[in-house]
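If you're matching them up, the sequences are chains A and B in order. full-length UniProt numbering applies: residue 1 is where the first sequence begins, and numbers increase by one. full-length UniProt numbering applies: residue 1 is where the second sequence begins, and numbers increase by one.
No lab work stands behind these hints, which were simulated from the structure alone. Note that the Cβ used here is the ideal one computed from N, Cα and C, for glycine as well. Take the hints with a grain of salt, since some may be wrong.
If you only want the chain B side, here are some residues facing chain A, beta carbon under 10 Å, derived [claimed, not checked]:
no., residue
1, GLY312
2, VAL335
3, ALA338
4, ILE339
5, LYS351
6, GLY354
7, ILE356
8, LEU357
9, THR363
10, LEU367
11, ASN369
12, VAL373
13, ILE379
14, ARG385
15, SER401
16, SER425
Subject to a maximum C-alpha distance of 27 Å in a straight line, what follows is the list of computed DSS-like cross-link-like pairs (lysine-lysine) [unchecked claim]:
no., chain 1, residue 1, chain 2, residue 2
17, B, LYS405, A, LYS395
18, B, LYS351, B, LYS202
19, A, LYS395, B, LYS49
20, A, LYS211, B, LYS405
21, B, LYS340, A, LYS284
22, B, LYS405, A, LYS21
23, A, LYS281, B, LYS351
24, B, LYS337, A, LYS281
25, A, LYS395, B, LYS351
26, A, LYS395, B, LYS19
27, B, LYS405, A, LYS284
28, A, LYS284, B, LYS351
Each chain is listed here by its residues.
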Amino acid sequence: MTTKETSTAVQSAPSVTDYLKSHVRDYGMLIALVVIMGMFQFLTDGILMRPVNLTNLFLQNSYIIIMAIGMLLVIVAGHIDLSVGSVAGFIGALAAVMAVNYNLPTIVVVPVCLLVGLIIGGLQGYWIAYWKIPAFIVTLAGMLVFRGLTLTLLEGQSIGPFPESFQLLSTGFIPDVFGSGRPNITALVLGVIAASAIVFLAARSRARALKYGIQDEPFAFFIVKNALIAIAIIYLSYMLSTYRGLPNVLITMAVLIAIYTFITNSTTIGRRIYALGGNVKAAKLSGINTERLTFLTFANMGMLAALAGLIFAARLNTATPKAGFAFELDVIAAVFIGGASMTGGVGKVIGAVIGAFIMGVMNNGMSILGIGIDWQQVIKGLVLLAAVIFDVYNKQKAR
Amino acid sequence: MENIILEMRSITKTFPGVKALDSVNLKVRSGEIHALVGENGAGKSTLMKVLSGVYPHGSYDGDILFNNETVAFSGIRDSEAKGIIIIHQELALVSLLSIAENLFLGNENVEGGVINWPKTFSRTQDLLAKVGLKESPSTLVGQLGVGKQQLVEIAKALAKDVKLLILDEPTAALQENDSAKLLDLLLELKAQGISSILITHKLNEISRVADSITVIRDGASVSTLDCHAQNISEEDIIRDMVGRDMAHRYPARDSQLGETLMEVSGWNVWHADALDRQMLHDIEFTVRAGEVVGIAGLMGSGRTELAMSLFGQSYGKNVQGEVRLRGEIVDLSTVPKAIKSGLAYVTEDRKELGLILEETIQTNTTLANLPRVSSFGVIDENIERQVSEDYRQALNIRTPSVFQKVMNLSGGNQQKVVLSKWLYSQPDVLILDEPTRGIDVGAKFEIYSIINQLADDGKGVVMISSEMPELLGMCDRIYVMNEGRLVGELDKADASQEKIMSMIVKA
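Pulled out of the complex, with its shape left as it was, chain B reads as follows (with noise of 0.2 Å):
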């Protein structure tokens, strides 16, 4: 008989007029990996909390197993007492405690009400050699780079006697070399005997390293797949997911390239703290109206502080260069000057940087054109909303109605008001970073077809994005970037994954 760790059978948790998880039913098994896949909203973290007792016993109806026994969770407490420990997206280190400190936070090496330092220290030493992590346990983890961080936060795992480890999108924000290390030391944990559920919107690391497959969608669970038994395609995982066949990832266009739209030469500038470090190096690249222009390069390669710059110099100190909208030099100097100029910058970190979250949907549609929706400095409400209304209906953004806070929405339909708020300023050319990011599958689709659209509509798109084949999928050129500079550049017809990695390699 096999052995099973965790059992949730039929799961039901109601929020005030929201049915969010419906018989939800997960098994998982003792020691594998257990991957959890669903669309953003589709029910994954709201099961994850029950499970993990932040939603308590009777706060939900159903029943919870952990090695065969039903157990009743009123708080996090709880659930790690027996072993559950659920890593969030966003971390929860202290950045500045040291690693050694943050590892027993709420769990210190105690004798007497005062903590044993070199039991805590010698402690970390092993747990991070468990993790392989090669730092020193009193660096401050502020000082980490997010890869490492993870790190920390399955070793801190570790030190609570781990049996279950649920991480939720653990990769999202790493590096496609950091990602592979975690993705190993998934798999040494397993050999160890400890299970673990992961929640993740990459199919290439599921079929790296799952044993098992449950899909939720719609807050139901829709199938449950093994990975041993039965040969299971990536194409399979996301019909379950999206509840339709989507034979193409990336909608086709037919490119009508056009004059070129937008001319940046000379661009250097240099940090904005460190005055002697220069960013970005005499960059120059050209974008053509009805096209779709790539920026491939890893993090820190500078594809943020290039686009940022452009914006309104809203990165960098010591700006130099030119940069040319319709064949005339435009001065890009402020934010507001940028927009008139015809440019708008959807930023990488929506929630920080793009959207104003207690606002609602239509304030933060009009929010870059106010003046738009305006006469004599007064704002029509009507027209206002008429206008946030029609976004919602083109952009498809599930939402009741145009008065809903932004915060209540998941990650692709807040990325779909950004692009409304971009689109009504009525740029010329859109700089797109990472437009994708945290976002489902079947959303990402919507968002490939609204890029599409624009360009079709005459207007120039750059995107950025760390996902080599959206690139691919997506732009008629792509321009590599490495350390501050553009080391390459790729038409279409011939840009490839392997071509990419080896120009920033060989650069």
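In isolation and in its complexed conformation, chain A is listed as follows (with noise of 0.2 Å):
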């Protein structure tokens, strides 16, 4: 009967330019950042590309992204958190008073902020999820407080420097082991050994899922797939490997992002937080703690949200009034840019980043060409909008 025909179907693997076609959605915003890198670097005569700007790229938007993947979770979970750019100004303050004013030590400060910051976070998530209040209110109301609360624990006015160690959290990079330091050797290796690793793990999987008579990625495109990621990956460090090494908020922020991929694409917490913003009754009714799953997301935001904070203000070296001002604003961008969905149980790690990417490239490819902020911001703007737009066609010419 027709059930057989489809099921031997299933089995046997689909085409190159059918699967591409039918992951537009997945691809699209990789290749849309790789098309702007390439233009930028064309148009600034490759200045884009050179090691010293490649690190300013990844220290300049280390806590954007890193707030971006709190923000998935919280829009996958089909809310959206307004305060992070006041909460990581604030934990800035908050560093800056106890390292600063109080010379506590750093081992001390960036776990007391962190605990800070989830507290802020599990406050905020408290109101929205057992009470019901709208997100959009509550993290407003956060905004302004903390926003506040800023101002008061600097009286107005900038602290700073910070100490060496905690400056280390932004503007340090991993020592070379293995040689002098240019070209730095164990920038190369670490390089090498994260390649091979996603490569190892690629191939475990597939051949793990083939076991089972699975086979939904077209062979090519997956040896196609992963070469490029290895080459891209070694490429990146080795041209960072020529100016200083490996910062260490590449490390933290690589960390991250493997750990938050993980716990969107294969554990039950996470597969329970699409179900819940995809549809909360539907959710609910299947035996998942709603509540306490959003409470969690916005916990989560909130210590990555301190996060941020903290490397912000390790990277300027003083905290000021005005951090993470309208940080918020691209925070959220870089969510939907990267294909997340409005309302909720649609979105990827990965795409956040991508999407975080594209906005950072282009302030500083922008920048280098010297275009004003004024044009800086119409162009992002539109961008924004081009992305949905993009996001929605494809969906619309799927149905």
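Got two chains here, each in a separate frame; can you build the complex from them with the hints?
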């Protein structure tokens, strides 16, 4: 009967073009990022991809990317968090007061700040999850409250500089254990290890899937994709190795991306957040504790916002009352450029990261070209709109 | 010569990869009620979207002749201008606007850009009188029941000077008496010369009002039957619809009743918002292993409230009473606890409450029992896929792969996904709330077979349904519910529609 025919059809691999067509949403933004990078590389006469600038690119965007990861979870769960910029600023101020005014060691300051961020996120999440107060309202209130508290804490002034150990959070580099530091052999080695690990994991999961008779990705596509990823990572680490090596913050980011990709893709908690965002009533009736999950996504967001605040403060080497101002907009834009759905239930960590990089590369590239901040805003706005239109268009075509 | 108001000639419509319609023909005579039947996914809605211009001219092949002239609609506005008006299953009313405002939405009585309210209200009163709705024009639509909203939709069509009215499953959500009223209204409109196309799954409605029938199957018109020229039995229609003979609408089962699985006693529940309103009164019932127990009753009798309150107190406040499963008192105060105790609840509204539409079949299948495919909180997607694939084959879910998003499935297949989910939670007792609503005949039969299989496996099944024949055909025992109380209990042997109705009426 028909069932048998279709079930055998499933097992054979789709062709590369069919596969690409059905995954245009997944790869569209990655391709866009590559195109944008290529464009600026050309327009800036190669300045964009210079090791110095690449290093800067990571340092400049690390805090946006870290918050975008948390924001992705919040948006997938069907909410929004407008307070992240203010929270990041507040935590930076708190860190400055602790480290500079009270001379507390970094080893104390960092965990306390992360904990405070977690509590702030949890407090907001409590009202949203258990009292069903719209996230927009709660976090709008949070945005005002923590902006105000930042001013109070700093008494309207900047506090700095931070002790050296604290600055390492952002401006530090992984020391070269193998060589003289130029080129930085450690960076190269780590790059090769990361690339091999990714390829190894991909191959293993493909082999396991094949054992179950499942073949979704055409083999040629699999090879090309992983080869490109490996080459990109190794090339990047080579470029960075010719400057000062791998920034600490890059490692932090990579680890966070890996952890949260794993959580969203492979754990029950991740799966349940997607279910909750997709249909909260159905999720609840399937035995999912939707309130607790909502609470946790906001607590997590608070913690990541705190981490971003620390890194930003460390990078500027001062805590200023304006720190974190309007960050929430960049973060939210990054998540939506990365393909998340406004109504929840759809979005990927790696998408949000790519979205943040698109914004970051554009900021950086346009600054190198000397485009004024006025036009930068206009262009970024249009890119956000275009990305979402592209997404909606693809969705409609798929119907 | 007969007077043909609408003729659709060899309409072919393809979507990427799918041929939804394959040279379909449809001929509607002037002043008749023409029934359009077919399984879900057969292409009825697509055909009507072609007719009403949702799929504009040029996106399909074939011709549409309306009043003997070829028409080419580029949108709904064009077709409405000609008097072709479609009333969708999901009503297109704004619940926070009044009846009068809704009737003339997009078609306002304006003078120089300003709405003439007196005229609007008086015209509304005329139209409401025509459809037999006794409501003030200023009543908010949201305050009306579904049956009355349906009438408002028809009045709205009349306001636009309708020539051909298309109703997509208008009675799917209606009570029996509301359905009857609606069908009477169609006959009345017919007397006034308005033709209609009626899409429905309810064959008794067809034999009541239809003058002719077109059956569509797999995107092709299979047959057109004239109800006056020949004597058409329901079995004839069903055979055309599913393409096979269906001797029995309900699969047979030898009931093997075991021990008592579930015992509910002294179950009292109050309204979630109005705490002084008691919604359920002293409900007591039992379910045995291998038994299918029906709960009959009108909509609003408290059936869904009963099911939801049992299932983790998802409905109501101040829930009191005792539930025993396999003789032991269980705590059902939250959904996870209810699932753990061995209870499953297949909701009435699968799109709103049962499924994550944006997600795949695979994801939906394991949602209620994720720990079973994971270790230490990490999901093994290969096992998960195997599981969902097994259910896809066991329940015959028609889809190319389990990676299909459930929003792309037809109603019957969606319902099978919901059933997969709850079967995978390994319950002892399943409560099925309207398990065949909005599902075509062929898929219904499959759902019935699944229910029988569950009973044969020794599970207890509680089946809530508004369709009495379905309960009579499927259940070993039927409880009758009315206004929050169980008012009677009937064994299969002596249950009949009349007895159920009289228990409801006399209670």
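Verification of the supplied hints:
no., hint, in the structure
1, GLY312, "holds (8 Å)"
2, VAL335, "holds (5 Å)"
3, ALA338, "holds (8 Å)"
4, ILE339, "holds (4 Å)"
5, LYS351, "holds (9 Å)"
6, GLY354, "holds (6 Å)"
7, ILE356, "holds (4 Å)"
8, LEU357, "holds (7 Å)"
9, THR363, "holds (7 Å)"
10, LEU367, "holds (5 Å)"
11, ASN369, "holds (8 Å)"
12, VAL373, "holds (9 Å)"
13, ILE379, "holds (5 Å)"
14, ARG385, "holds (6 Å)"
15, SER401, "holds (5 Å)"
16, SER425, "holds (8 Å)"
17, B/LYS405 with A/LYS395, "holds (12 Å)"
18, B/LYS351 with B/LYS202, "holds (21 Å)"
19, A/LYS395 with B/LYS49, "holds (20 Å)"
20, A/LYS211 with B/LYS405, "holds (24 Å)"
21, B/LYS340 with A/LYS284, "holds (14 Å)"
22, B/LYS405 with A/LYS21, "holds (16 Å)"
23, A/LYS281 with B/LYS351, "holds (10 Å)"
24, B/LYS337 with A/LYS281, "holds (17 Å)"
25, A/LYS395 with B/LYS351, "holds (19 Å)"
26, A/LYS395 with B/LYS19, "holds (20 Å)"
27, B/LYS405 with A/LYS284, "holds (20 Å)"
28, A/LYS284 with B/LYS351, "holds (14 Å)"
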